[in-house]
Amino acid sequence: MTDQSSTIIALAGNPNVGKSTVFNALTHLHQHTGNWTGKTVVCASGIVHWHNREFLLVDLPGTYALQSEHAEEAAAREFLQSGEADCVIIVVDATCLERNLIFALQVLSVTRRAVLCLNLMDEAHKKKIQVDIPCLEDALGIPVVPCTAAKGKGLNCLMETVDRMLSEEHLQGKHLPDRQLADANLADFAARAEKIAQKAVSYDPAGQNRDRKIDHILMSRYGGIPVMIALLALVFFITIVGANYPSAWLSKLLYSLADPFSNVLIWLHAPEWLRAMLIDGAWRVTASVVSVMLPPMAIFFPLFTLLEDIGYLPRIAFNLDHIFSKACACGKQALTLCMGFGCNAAGVVGCRIIDSARERMIAILTNAMVPCNGRFPAMISLITLFIVGSTRSNWHTSLLAAICLTAVVALGVLMTLLASWLLSKTILKGLPSAFFLELPPYRRPQIGKIIIRSIRDRTVFVLMRAVCVAAPAGLLIWCMANIATPEGSLLQIVSNQLDPFARWIGLDGIILLAFVLGFPANEIVVPIILMGYLSAGSLVEIHDLFDLSTLLQANGWTTATAICFIIFSLFHWPCSTTCLTIKKETGSWKWTMISILLPTAFGIVLCFLVHLVAVYGFGY
343 MTDQSSTIIA
353 LAGNPNVGKS
363 TVFNALTHLH
373 QHTGNWTGKT
383 VVCASGIVHW
393 HNREFLLVDL
403 PGTYALQSEH
413 AEEAAAREFL
423 QSGEADCVII
433 VVDATCLERN
443 LIFALQVLSV
453 TRRAVLCLNL
463 MDEAHKKKIQ
473 VDIPCLEDAL
483 GIPVVPCTAA
493 KGKGLNCLME
503 TVDRMLSEEH
513 LQGKHLPDRQ
523 LADANLADFA
533 ARAEKIAQKA
543 VSYDPAGQNR
553 DRKIDHILMS
563 RYGGIPVMIA
573 LLALVFFITI
583 VGANYPSAWL
593 SKLLYSLADP
603 FSNVLIWLHA
613 PEWLRAMLID
623 GAWRVTASVV
633 SVMLPPMAIF
643 FPLFTLLEDI
653 GYLPRIAFNL
663 DHIFSKACAC
673 GKQALTLCMG
683 FGCNAAGVVG
693 CRIIDSARER
703 MIAILTNAMV
713 PCNGRFPAMI
723 SLITLFIVGS
733 TRSNWHTSLL
743 AAICLTAVVA
753 LGVLMTLLAS
763 WLLSKTILKG
773 LPSAFFLELP
783 PYRRPQIGKI
793 IIRSIRDRTV
803 FVLMRAVCVA
813 APAGLLIWCM
823 ANIATPEGSL
833 LQIVSNQLDP
843 FARWIGLDGI
853 ILLAFVLGFP
863 ANEIVVPIIL
873 MGYLSAGSLV
883 EIHDLFDLST
893 LLQANGWTTA
903 TAICFIIFSL
913 FHWPCSTTCL
923 TIKKETGSWK
933 WTMISILLPT
943 AFGIVLCFLV
953 HLVAVYGFGY
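In our numbering, each residue carries its 1-based index in the sequence shown increased by 342.
It is worth saying that the hints were derived from the structure and are not from the lab. One or more of the hints may lead you astray.
[Unchecked claim] Restraint-style ranges between C-beta atoms, simulated for each label pair:
id, residue 1, residue 2, range
1, Gln472, Lys925, 49 to 55 Å
2, Trp931, Asp889, 41 to 47 Å
3, Ala826, Pro588, 35 to 41 Å
4, Phe888, Gly830, 26 to 32 Å
5, Tyr958, Thr768, 28 to 34 Å
[Said to hold, decoys possible] In silico lysine-lysine, BS3-like type, Cα no more than 27 Å apart, as pairs:
id, residue 1, residue 2
6, Lys932, Lys771
7, Lys470, Lys495
8, Lys493, Lys469
9, Lys469, Lys495
10, Lys926, Lys767
11, Lys468, Lys791
12, Lys791, Lys495
13, Lys555, Lys470
14, Lys771, Lys925
15, Lys791, Lys470
16, Lys493, Lys468
17, Lys791, Lys469
Built from N, CA and C at the ideal position, the CB exists for glycine as well.
Let the sequences and hints guide you as you build the complete structure.
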């Protein structure tokens with residue numbers, strides 16, 4: 343019997359076949375899964391406990407062919423050819439078995455110590471696809487186990503089969519078969535896969551038409567983009583409507599905790615300046631970030647994950663691929679932009695799915711040009727007040743605000759394309775690489791898992807990173823507001839110095855300084871502005887739109903000012919978390935600085951143009 347301490351099981355398969363779901367179910371590591379191609383780009387590993395034994399399960403990158411030199415294919419090929427795996431679980435999608443068998447046959451040309459996991463059997467039954475298991479086993483020469491990994495069905499049988507295979511004497515030792523992958527012809531694999539599928543698979547053609555009919559609408563030449571924009575507007579509308587009351591309630595709750603914490607510090611005989619720094623500085627800023635970020639994220643991320651789980655996000659990449667190719671970029675960049683709506687840092691990490699180093703760098707440098715969740719609340723408030731022209735929150739104003747916000751997002755995408763084109767013609771010259779995208783079948787979403795996964799993997803993750811930088815930022819802001827000089831507070835002095843340039847681009851010194859101090863978290867920009875206008879010593883929260891409108895107009899705000907604020911909020915330096923992520927992903931401060939300067943330059947130019955039009959065209 344194989345030595346348990348060295349028993350390694352490799353998990354291999356095409357992208358989007360449920361490989362990560364199998365991995366999570368067996369190891370309980372909860373590796374994040376996604377319903378788009380190229381989600382897994384590195385090897386994850388975990389321990390599987392089975393009948394008092396331990397197996398090391400290695401999740402290889404999802405690949406289509408082992409002969410390619412792409413990073414995913416190379417990693418999978420090198421691991422399989424090394425002979426380190428005692429057994430390989432080949433995960434295939436039962437709904438498109440013929441295509442998956444091409445890869446399975448390539449794996450079998452490297453090793454015969456394999457088990458075929460026939461996943462997504464529930465989807466196959468819905469589409470009236472029947473697989474002859476004995477026929478498939480006879481054709482491949484390896485065990486075949488039907489599974490529905492998302493529901494845990496068939497996994498016990500899968501591990502029993504693997505355990506039995508590892509226990510068989512004739513499979514001991516790590517060796518390669520006589521056939522070598524390098525000598526194989528991909529066309530031969532495809533021909534063999536077709537013959538096997540013809541014998542082992544039967545289906546009702548009517549069951550295959552559903553996805554085609556849906557795609558005829560969602561991916562049509564004339565309907566694809568409008569439907570995409572409408573869905574995005576709907577997501578924004580639900581987020582705006584749903585986040586209003588929870589945000590106000592959470593803010594009230596967190597701010598009410600300031601007094602008990604302050605009393606504790608007084609009881610401990612802490613100096614007044616320390617109490618003020620911790621409560622009025624660190625705590626108020628942190629409370630503001632949490633109350634502003636958490637409710638929209640708790641709504642936006644599940645909705646976004648729902649689109650991912652259904653299988654719609656790859657369709658967005660398909661719809662935008664032609665447009666991105668015109669900008670000499672990659673269609674996969676559309677997926678990373680979508681991730682950036684939630685958090686630009688997450689979008690930067692998501693750029694790993696882009697194979698080309700040049701196109702990956704373009705995607706990283708331009709990802710912050712779409713608004714993240716932290717910028718939405720301020721944009722929504724100003725759109726409602728100065729563009730929609732209402733201080734009342736109802737579904738009419740929310741709908742108009744969602745439409746306007748969608749237009750702002752569209753502007754961000756257009757500028758991203760322009761920036762990508764400029765980069766591809768200057769410091770990152772090159773032509774777009776070939777983009778192969780598998781469109782997954784539409785699937786019924788698992789609502790419970792969507793909520794848990796989106797909150798755990800996205801909402802909490804992003805929120806904790808923001809909180810970690812919000813508290814130190816609060817200390818700095820308090821110090822600037824409360825350290826007095828003969829000329830006034832440090833906040834007033836710096837804002838006065840910035841005011842001439844800020845006026846030149848349609849803002850004022852306090853607004854520009856708020857963006858600078860909001861570098862740790864975009865959520866605190868508006869509270870800093872209010873603090874500056876009121877000459878307060880700590881952050882100020884105003885939840886009533888009428889009061890907010892009155893204060894801003896009293897300090898010289900016009901519609902043009904609001905538009906310039908929205909534009910500069912859309913196009914300025916990424917937050918500290920995103921910058922650190924860019925440095926980590928690129929390994930270079932040079933590229934990090936370019937990622938800061940590029941959107942900022944766009945923002946300055948656009949704000950200047952809007953200011954000119956407002957002054958000379960409308961007399962503001």
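Each hint, compared with the structure:
1. Look at Gln472 against Lys925: about 53 Å separates their beta carbons, and that is inside 49 to 55 Å.
2. Between Trp931 and Asp889 the beta carbons are some 43 Å apart, a value that agrees with the proposed interval 41 to 47 Å.
3. The beta-carbon spacing between Ala826 and Pro588, approximately 38 Å, falls within the hinted interval of 35 to 41 Å.
4. Restraint check, Phe888 to Gly830: a C-beta distance of roughly 30 Å satisfies the suggested window 26 to 32 Å.
5. The hint said 28 to 34 Å for the Cβ distance between Tyr958 and Thr768, and at roughly 32 Å that hint holds.
6. With a CA separation close to 17 Å, the supplied pair Lys932 and Lys771 stays within the 27 Å bound.
7. Taken as a hint, the Lys470 and Lys495 pair is honoured in the structure, with Cα atoms around 19 Å apart against an allowance of 27 Å.
8. Restraint check: the Cα-Cα separation between Lys493 and Lys469 comes to about 18 Å, which is no more than 27 Å; the hinted pair holds.
9. Proximity of Lys469 to Lys495 is assessed by CA-CA distance (about 18 Å); at most 27 Å being required, the pair is judged to hold.
10. The straight-line distance between the Cα atoms of Lys926 and Lys767 is roughly 25 Å, inside the 27 Å bound, and the hint therefore holds.
11. Restraint check for Lys468 and Lys791: the C-alpha separation of about 21 Å stays at or below 27 Å, so the hint holds.
12. Of the pairs offered as hints, the one joining Lys791 and Lys495 holds, with about 16 Å between alpha carbons and a cut-off of 27 Å not exceeded.
13. With a C-alpha separation of about 17 Å, the suggested pairing of Lys555 with Lys470 holds against the 27 Å cut-off.
14. Distance hint between Lys771 and Lys925 is fulfilled; the C-alpha atoms sit about 21 Å from each other, no more than 27 Å.
15. Taking the CA atoms of Lys791 and Lys470, the gap is near 26 Å; set against the 27 Å cutoff, the hint holds.
16. Straight-line distance between C-alpha atoms of Lys493 and Lys468 comes to about 15 Å, which keeps the hinted pair within the 27 Å bound.
17. A C-alpha spacing of about 23 Å is found between Lys791 and Lys469, which places the hinted pair at or below 27 Å, so the restraint holds.
Every hint from the earlier list agrees with this structure, and none is contradicted.
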